[in-house]
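Engineer: Going down the list, the protein sequences come from chains A and B. Counting in my numbering, the first sequence runs from 1 upward without gaps. Counting in my numbering, the second sequence runs from 1001 upward without gaps.
Footprint (simulated), chain A over chain B, 3 or more residues, beta carbon under 8 Å: (1) 1116-1127; (2) 1200-1210; (3) 1220-1228; (4) 1367-1379.
With beta-carbon atoms standing in for the labels, derived distance ranges: (5) His1162(B) <-> Asp2(A): 20 to 26 Å; (6) Asp2(A) <-> Thr1191(B): 40 to 46 Å; (7) Ile27(A) <-> Gly1072(B): 49 to 55 Å; (8) Thr9(A) <-> Lys1282(B): 24 to 30 Å; (9) Val1041(B) <-> Pro37(A): 47 to 53 Å; (10) Ala1188(B) <-> Trp23(A): 25 to 31 Å; (11) Leu20(A) <-> Tyr1344(B): 30 to 36 Å; (12) Ile38(A) <-> Ala1254(B): 29 to 35 Å; (13) Thr9(A) <-> Trp1038(B): 40 to 46 Å; (14) Tyr1344(B) <-> Leu24(A): 33 to 39 Å; (15) Ile35(A) <-> Asn1257(B): 33 to 39 Å.
Source of the hints: derived by calculation from the structure; they are not laboratory data. Where a beta carbon is used, it is the ideal one built from N, C-alpha and C, also for glycine.
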Amino acid sequence: MDNVTFGITVTIVGMGGTLLTLWLLSIVMVILKKIFPIKEESKPPAG
Amino acid sequence: MLEAIINGLSGLLAGSQYLFTDGLPNLAMLFIGGVLLWLGVKKEIEPYLLVPIGFGCFLVNLPLSDVMDQHGVLRILYDMGIMNELFPLLIFVGIGAMTDFGPLLENPKIFMLGAAGQFGIFLTLCLALILGFPQLDAVCIGIIGACDGPTAIYVTSQYAPHLLGAVTVAAYSYMSLVPIIQPPIMKALTTKKERVVKMSVVKKSVSPATRLLFPIVVTAATGLIAPKGLPLMGMIMLGNLLRESGVVSRLTSASENEIANVVTLFLGLAIGGTMEGHAFLKAQTLAIFGLGFLAICLDTVTGVMFGKLMCFMTGGKVNPLIGAAGISAYPMAARVAQVQGQRYDKKNYLLMHAMGANTSGQIGSIMAAAVMLSVLKGMGII
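Using the sequences and the hints given, assemble the complete structure.
Structural biologist: Okay, structure coming up:
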């Protein structure tokens, strides 16, 4: 494979793959936060 | 008898004789080793790496040194942990144990800044190819743009071991120069209005369960997409799992202290050992340093530009300066974003957001390397 084809392929697939993977990870994290929400600390009873 | 004495004396003088005949490259490298030691000791630039690298460089370039011969001490260290990629992976366990991914989990959108900060890798790879470097050498030069020493060592030791010294020294040197390299680029690419954008306070919205599942989910997801990078991602996430589990404090402590310290010493010495004058002093070494510098500048440019895009898309809720923190130099790049933000508005606190971008840069750099290796494997090049 010549250098031009190699460089363009690795850049497009590599950078595209990196962007896509991190985008997927960000979505997975949002879903994880929804499934396991932080529990509010219980307020002490009034009075 | 006299002949034996003269022969004995000639043995003592052979080193000095060599130094001033065939050993001129070694003499130059002794000077460079001294400069690395000076930078580490006096200027405190990455001292944990530059001091052992500088001394390793010093040892291997002393005349007729056999430290990198078959049974030499540095060769043993090299074979033990660099040739088989063990040392960078062990360092990753320590990095994972030290890193708090909380700020990133608070605002997962920032993940994208960690991807944008890796553009420099690929653009530099293309430039190296244009300059005539072989394909795998160009990949290893591009990886300097990951701003991630262990990743650079991991990839280079596998695919271009002859460039290991130059790539490693360039990677660590430029990482330490982030506070000098980034600010002018950040200023040039942003308007005053953008630089004073205040970001909302980070709310605590991440449960312990999410924190615990984060390293497991990331390892599984990235391992499925780019299995060639699984050792890198797996080790950093193992370190983070130890930290977040909260039940193995001794292992966490050992990973971030004893193991990381011992491995850093061995790694630095062995890398210094690859800097033998005749092999290191070439025009291509200078080209690697130039391309490495360009890689980090390009990372900053694309990071800030992506930050500007996010600023535009969110209606001015993201300060583009944090885009520069989407590289792996942790926590230095985040501090640079904070300092630059406060230069224009003393009441602007960007640190937590920048920390999120910075930790996403750590994941992004590993992911970029992993994806690139998997692409190369798919193309049948490795």
